[in-house]
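Working from the sequences, and respecting the hints, build out all of it.
2 protein chains.
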Amino acid sequence: MSSKNRLIYLPLGGAGEIGMNAYVYGYGPKGKERYILVDLGVTFPDMDSTPGVDLIYADIDWLVQRADRLEAIFITHGHEDHIGALPLGWPKLKVPIYTRTFTGNLAMHKMEDRGLDPLQVRVVQPWPETIKAGPFTVSFLPVSHSIPESSALVIDSPAGRVVHTGDFKLDESPVVGEPFQPDLWAEVAGDGIQALVCDSTNVFSPAAGRSEATVGPAIEQLIKQSSGMMVATTFASNVARVRTLAMAGQAAGRSIVLLGRAMRRMVEAAVESGVLTDFPTTIPAEDATNVPRENLMLLVTGSQGERRAASAQLARGKYMGLTMKEGDTFLFSSKTIPGNEKGVGHIVNAFSEMGVHVVDDGADLYHVSGHANRPDLERVHKIMKPKIVVPMHGEHRHLRKHRDLAQGNGFASVIAPNGTMVDLTGDAPQIVEHIEAGRTYLDGKVQIGAFDGIVRDRIRMALNGLLVINLIMDENDEPLGEPWAEIKGLPEVGLSKVPLSELLENDLAQLMNRTDDKVLMDDDKLEEALRRRTRQVAQEELGRKPEVMVVISRLMA
Amino acid sequence: MSSKNRLIYLPLGGAGEIGMNAYVYGYGPKGKERYILVDLGVTFPDMDSTPGVDLIYADIDWLVQRADRLEAIFITHGHEDHIGALPLGWPKLKVPIYTRTFTGNLAMHKMEDRGLDPLQVRVVQPWPETIKAGPFTVSFLPVSHSIPESSALVIDSPAGRVVHTGDFKLDESPVVGEPFQPDLWAEVAGDGIQALVCDSTNVFSPAAGRSEATVGPAIEQLIKQSSGMMVATTFASNVARVRTLAMAGQAAGRSIVLLGRAMRRMVEAAVESGVLTDFPTTIPAEDATNVPRENLMLLVTGSQGERRAASAQLARGKYMGLTMKEGDTFLFSSKTIPGNEKGVGHIVNAFSEMGVHVVDDGADLYHVSGHANRPDLERVHKIMKPKIVVPMHGEHRHLRKHRDLAQGNGFASVIAPNGTMVDLTGDAPQIVEHIEAGRTYLDGKVQIGAFDGIVRDRIRMALNGLLVINLIMDENDEPLGEPWAEIKGLPEVGLSKVPLSELLENDLAQLMNRTDDKVLMDDDKLEEALRRRTRQVAQEELGRKPEVMVVISRLMA
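Residue numbers (the UniProt record's numbering), protein chains in the order written: chain A, 1 to 557; chain B, 1 to 557.
Don't read these hints as lab results, they were simulated from the structure.
Just so you know, not all the hints are guaranteed correct.
What the hints assert, rightly or not - Some, not all, of what chain A presents toward chain B, calculated at C-beta under 8 Å:
1) GLY339
2) ASN349
3) GLU395
4) HIS396
5) ARG400
6) ALA462
7) ASN464
8) VAL468
9) ASN470
10) ILE472
11) GLU486
12) PRO491
13) ARG544
To be verified - Computed far set for chain B versus chain A, every beta-carbon distance over 10 Å:
14) MET47
15) ASP183
16) ILE283
17) GLY489
18) GLU528
19) VAL537
Ideal placement from N, C-alpha and C gives every residue a C-beta, glycine not left out.
What follows is the structure, encoded as structure tokens:
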């Protein structure tokens, strides 16, 4: 039994959340499988749960412990949630990285930025070209999405063919990049698909998705109606949209300006890698101030309200010498990702105060999604006719809905969130193991754990404020002077109107007087006594219990 | 000129945001106006900008300084953003509070909860009954909204009639409370309206609003299809919805359980004040465990994903002995307020993991808004035919859109965000003054300012972590031992793998050795030197610059 070969699927990230994708496939006898890793992405921190953290990515310890059996990493496309952790995880895995050209351009820059060898990234051609990786033969199948050269992976093993969709939509006229080709997908499905591991992001969207080509005319119309400066934002990586916006601006006789580092870099990468051949001429921001504003169109970063992006800087005042004013138009050619509503709202209101006409995607005229909607998913299920559908790239509710959809149409399916190892060998998916999956943080330059208390302490200081109690004990274990208090993130004066530090110092001095010698000699007990009393005083004075740090210095004889 | 009487409008909160409503009206010669205050509400803190804060409300200092000229406070309805700061602000204003019965019930409880006299709240009957308040005669005009007995205020002054809508929608069958009565509004408008000060919340909603009565049948349908336990959440204060849900549950033969303090309290207040006369019998949570789950319907608090509400507790496991499981249904009969998406998402996913069928308002079947949509606003403008429309209750973008709408239909209008004093006396609104308007925080039991640095310090500790550097200086201004470091919210070990505290202590000891006596004797300079070096070391080791607190203890001779 144990020598029987099996084909396994193990999501380490991306299944049970939208973000930090990392999927392991394995083939071989149990415990001796050879592996490949698909994608290694990040997710972004927030103030609620991860203040101060720079990036969040999947805990890949399980795979690191088995790195000797890992053959390669395949990156489906260049979005941060698929590629962002590559330079963070790679040094522990040290296997070749395969991507297509545009993604490779981004990946190489990422490796270089962290001082790693960009030549670990190997650029390959799409289907029907294949890469051999241990027991697997892998091919990049072009799909349409909101970034160029996105690919599904066709993963062949002795146990059959798996198609891992990556992020995709069904777009037969995607403006930039390859259209959805039903015939090509049918060709891939020709010899039978063992499992379709499939994007679930838009499973709750009931109508078929619209093509990227539909937004151009609406944007052209809008620009024609705009009399002042035109400013538009979208994800910089949505090169098709950036091109659509630029072409519409050009058609209206406007000079195009790219604002924000990501915007310039993405267009560069797209031109360098040959996916973008006809982008309008742009002018540098410095020259834009000489152009009448009704002849200008700015394409700016910051569609999600990011504080440091170009849109937010324009909302606060000036960016690269440019300012917005009454009569200008600002277009969100984007959807606000849940959680970013407040940041986006701040920008909209700031522009409103300036008299800027803000146009958002409320009417779905100026934006289309990059993911397959429910009817699109069903269409793919039916083209591919897999034995098994495994929903991925979704929160638990998306995975559930997608599983129900697949089962309803007669496919075997399973909900497999991060850490769920699924045997795909038979007619139905079998959960064979649960491994500990989690997240890890890049904090400044240091990797920290989600549960090591660092972030918890930050959250507590933010919610509760901090009191630092200092005390010096002399050589005879007697207090030298009185304890004193330092306050951070708390009112200096509470209900009694006496300064809190004064109250605390008096109160703790009295506490010291009545504390017996055994406690005075024991740092832990003394700390605890001071902490408890400090919290009581704060509760009475402020109506809250702060974090308390007690620092006892003992002078040595 | 200065002795000429004028009618002024001054929003202190609620205009430029949705929340913390507080509007001042004045009449009299400039600088001698007599005032009334309409509403005194709160807004809720968030981790991004106000961690640890309990409540946010309008800074009413301007009015407090003129409290001798304030006649009364009028509360339009019982939502927290209109009533929540009443017991916080009242002690500085000390004037009678006028409300209708149901609102009064809530207001009295709020006063009592803070140890204030509930009899300051005076319950009055609606239009045509009036209250005299200095130069003003005020009447409560029933409007429909998502809480019982909401009212517009008809404010008569020698300079004409102002109608302050409060929050409202046009609902001719609101289930609980008074329907919209076009005739009554026309009657109020009969003698001419000087100014309509009008809710702007839903000005971006292009279709006319739907009636509360439309959600009942859909909910009944859903309950009939549900085989397990049925759980539904909505705002507790939406008594009409709570009733609709309960009636639908009862019709399906289910026992109704109210879960969560606010849910029970609101139903109680509604029954006590006579607005709710036919609420189904409920059973206590303790008895519910004896009822088969397919015969149960729970109405629970926490439609916005609040961590301590009943819905979140059920999502985490057990609440009052009740648990959810496979086959149960959870209905959000509510809309997620922007900013709460993540909290709601957590709950939905937790239920998904349990196998619970979650139904949200995605299809707009199970929820309707309590605010007037754009066509409804236009309808009211046209019924009231005011000289002036002043948009309120909205972010800046809402005020702008509403002003444009009013002007487009031929009404004089103005954008007047918080702090903008508008003279409403003439044919067109005139901005006559800008006063400093802001927000103030209730933090535990203490009122703190938005700009006094307390919250800023909390945010910094959360984003940057904290290092406390301790140093004892002896009687001769020489260091006694070495400086030492305490770490909170930072990794203990950085890039060099040597404990950070050790590194810092060695480094700072060396710094002390090379520091000259002048600096050693000067606390400020010594602190600054230690702080700067500490941040450098942290930057090298951790790749981030923490908050640094330096504590120098000097022993006295």
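Regarding the hint that GLU395/A lies at the interface with chain B, is the smallest CB-CB distance below 8 Å? Interface hint status for GLU395/A: holds (5 Å vs cutoff 8 Å).
_Non-interface claim for GLU528/B, where every Cβ of chain A lies beyond 10 Å_ = holds (16 Å)
So, as I understand it, the hint says ILE472/A touches chain B; can you test that by seeing if any CB pair is closer than 8 Å? holds (6 Å)
**Asked** Does ALA462/A pass the interface check with chain B, least Cβ-Cβ distance below 8 Å?
**Response** holds (4 Å)
- [ ] Run the C-beta distances from ILE283/B to all of chain A and say if the shortest one exceeds 10 Å.
- [x] Nearest chain A Cβ is 30 Å from ILE283/B, so the label holds.
- prompt: Does the claim that MET47/B lies outside the interface with chain A hold up, using a Cβ gap greater than 10 Å?
  reply: violated (5 Å)
Subject >> Minimum Cβ-Cβ distance from ASP183/B to chain A exceeds 10 Å >> reply: holds (34 Å)
Restraint check, 8 Å cut-off on beta carbons, for ARG400/A near chain B: holds (5 Å)
Over 10 Å to the closest beta carbon of chain A is the bar; see if GLY489/B clears it.
With a cut-off of 10 Å, GLY489/B comes too close to chain A, as the shortest Cβ separation is near 4 Å.
Restraint satisfaction for VAL468/A [CB to CB of chain B, less than 8 Å]
With Cβ-Cβ at 6 Å, under 8 Å, it holds.
**Study point:** Interface-negative label, VAL537/B against chain A, beta-carbon threshold 10 Å
**Key:** Holds: least Cβ distance 13 Å, greater than 10 Å.
Using 8 Å as the Cβ threshold, decide whether ARG544/A counts as touching chain B.
holds (3 Å)
In the structure shown, a violation is registered for the earlier hints numbered 14, 17, in ascending order.
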